[in-house]
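A.B. asks: What follows is each chain in one-letter form.
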Amino acid sequence: MDQQAVLFLIIATFTGLSAIAVLVSQNIVRAAVWLLFTLAGTAGVFFLLGADFVAATQLIIYVGGILVLVVFGVMLTAQGPFITMKVGAAEWVIASFVGLLLLGVLVTSLVGAFNFRTPSPEMTSAEKSLSSAELGQVFLGLEGVTPETNLTGLPEGARPAPRQRVSYLLPFEIVSVHLLVVLIGAAYLARAKRRRGAIS
Amino acid sequence: MTDFLSSRLGVAPGVAELIVALIAAVILITFMLLSAIFFVWLERKVSARIQDRLGPTRVGGKFGWLQTLADGLKLLVKEDIIPTNADHMLFRLGPYIALAGAFLAFVALPFGHKVVAQNMNVAVFYMLAVMSSEVFGVILGGYGSGSKWALFGGMREAAQVVSYEVPRAISVLVPVIVAGTMNLSLIATQQVGGFWNWYVFHDPFTFCAFWTFFTCGTASCKRAPFDLAEAESELVAGFHTEYSGFRWLIFFMAEYGSMFAISGIAVILFLGGWNLGIFPWELSDKIGILGNVINVLVFIVKGWLLVFVMMWVRWTLPRLRIDQVMITCLRYLLPISCVLLLGVSVWQLMLWQVTYSVVRDGQVIHEPILGYANYVLAAACLALVVWAVWKLMKASGTTPIQMMPGAWPALNTPGSPLVPKS
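Protein sequence lines correspond, in order, to chains A and G.
Counted from 1, the first sequence has number 46 at position 46 by my numbering; the numbering is strictly sequential.
Counted from 1, the second sequence has number 1265 at position 265 by my numbering; the numbering is strictly sequential.
I should point out that these hints are in silico values taken from the structure, not numbers from a laboratory.
This structure is a prediction, so every number in the text was calculated from the model and none was measured.
Don't take every hint at face value.
Per label pair, the in silico range of CB-to-CB distance [stated by the list, open to error]:
1) Ala-90(A) - Ile-1019(G): 51 to 59 Å
2) Leu-1069(G) - Phe-97(A): 54 to 62 Å
3) Trp-1065(G) - Asp-2(A): 27 to 35 Å
4) Gln-1118(G) - Ala-187(A): 54 to 62 Å
5) Val-1015(G) - Trp-92(A): 40 to 48 Å
6) Leu-102(A) - Leu-1392(G): 16 to 24 Å
7) Val-6(A) - Asn-1119(G): 19 to 27 Å
8) Gly-1277(G) - Ala-186(A): 43 to 51 Å
9) Trp-1065(G) - Val-177(A): 58 to 66 Å
10) Gly-65(A) - Leu-1073(G): 38 to 46 Å
11) Asn-1119(G) - Asp-2(A): 15 to 23 Å
12) Trp-92(A) - Pro-1083(G): 30 to 38 Å
13) Leu-23(A) - Ile-1019(G): 35 to 43 Å
No residue lacks a Cβ here, since even glycine has one placed at the ideal position from N, Cα and C.
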């Protein structure tokens, strides 16, 4: 077993155990902490695969943004000092059924689609891998989508099917308009309601 | 070094890499903690100097060099108290998460030409990401303490840091647009040569972005005037009210570590990184390992100077109120940084076509149209920025006219020059 595999096993075990701890902990802030470890472990897997950008994005969005907001929300809304959640038996059954179903779908698709391999050295070194500038140019459709290095799980030597240069700018803009809609909706809901004729 | 270990000493390559990583981690954490010790001493001396006192003088010679070590020893032997009401797991975890966030930022920080623990393509993005997870430790400590003061401190910290992250990230984007890369080593290498090559002097927008970034960095390190999370006159000690002994010390190591990390990002993005600003070539290319040593020293001294400025600001300005902190961010820093981002994009896209001749493959393919247009544009941009700042300064705030924020009681003090003559 080489170093990559050992590190992957350590990080994956850590991530998996924290994910289980998220489920079994009753205190919601403790669950948030375990979720922090799970997400940080996922970021670690991305780092191990040489996808620094995705890993840093994972950290800044989930750890720096969403988890802080979760704890913030708990602090603002909790009535008592430390709130706990009680989960009924029916909820356990439904949740585990859905979870196992999802796990089954994921496992079958993963096993069927890829044969796992360690990343090539071109991907893990900062000098040789694609820089974020190239990433942006691919995003704009200025360069080919498929990079020279073998990023996909295809066997050695087999060239991926030729694709047209696709610009991801339009989907990205559509998603940002979605975010804008959500933002305006939140501002609308949170606005100070003033009755007509009331003295402010 | 990995090659040396595996070829000369016969260590397996994987193990050799782990050993090298371990050495780098030990060097970085030693540097971080030693500079924290130095900063605590410096903070006491600077505050003493500003308040017309002497500060520590006895421990370790004339200047009290060893004062911090004595403090550390005292904190080590103090009783480690965990309140009965506290959530023990969160209470213990808080300091470690804060310290881990500060330390992880150092991994991608280049100290010199090729002197970096992990050369990353997205180093600056990574550093912002891990430093934003540092706040989680503070929030956990504040929440887990089971005390209302700590809870208030944690809440303020969450609100403040989440808001200040936005203008901080946007003002980081300004030099990144100029450099065309997020690799910190490359950004610093691009600023080789005289100090006029530093990105802070590149155009008016980067010049302003430096100040917005430094302000947001000060706020995200929860340093005064933005230290609402610990506001000792209002909240006892804020988020670390219930902490004592070594756990308390770990919070402070994280704070001083992240101060240096923020200063390091500012130095690399704006102030030329490890380049001295005098020599027109990379020093380590000319004189080898000695040049590397000089590079590292220059970088560290620049970082320390910025940390000194943070301390200077802390002991000079009064603390803002929480609403003033949020207004400073949302009404001033955020629009300013957005304008800077737009302006630098226009500058980079349009200006080179107007003023610079472009040579590609030995042929001039683009003649300069206007020779002095860049100076005119720079002056216009500067005038615009000055005008905007002037308008913002004149805008009416919540504080009474001509009063410093936080200095309201001076109104009632007899004999104060601020009391209006009746």
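A.B. asks: Hint by hint, say whether it matches the structure.
C.D. replies: Hints, verified against the model:
no.: 1; hint: Ala-90(A) - Ile-1019(G): 51 to 59 Å; verdict: holds, 53 Å
no.: 2; hint: Leu-1069(G) - Phe-97(A): 54 to 62 Å; verdict: holds, 60 Å
no.: 3; hint: Trp-1065(G) - Asp-2(A): 27 to 35 Å; verdict: violated, 48 Å
no.: 4; hint: Gln-1118(G) - Ala-187(A): 54 to 62 Å; verdict: violated, 40 Å
no.: 5; hint: Val-1015(G) - Trp-92(A): 40 to 48 Å; verdict: holds, 45 Å
no.: 6; hint: Leu-102(A) - Leu-1392(G): 16 to 24 Å; verdict: violated, 52 Å
no.: 7; hint: Val-6(A) - Asn-1119(G): 19 to 27 Å; verdict: holds, 23 Å
no.: 8; hint: Gly-1277(G) - Ala-186(A): 43 to 51 Å; verdict: holds, 47 Å
no.: 9; hint: Trp-1065(G) - Val-177(A): 58 to 66 Å; verdict: holds, 59 Å
no.: 10; hint: Gly-65(A) - Leu-1073(G): 38 to 46 Å; verdict: holds, 40 Å
no.: 11; hint: Asn-1119(G) - Asp-2(A): 15 to 23 Å; verdict: holds, 22 Å
no.: 12; hint: Trp-92(A) - Pro-1083(G): 30 to 38 Å; verdict: holds, 34 Å
no.: 13; hint: Leu-23(A) - Ile-1019(G): 35 to 43 Å; verdict: holds, 38 Å
When held up to the earlier numbered hints, the structure conflicts with 3, 4, 6 and fits the remainder.
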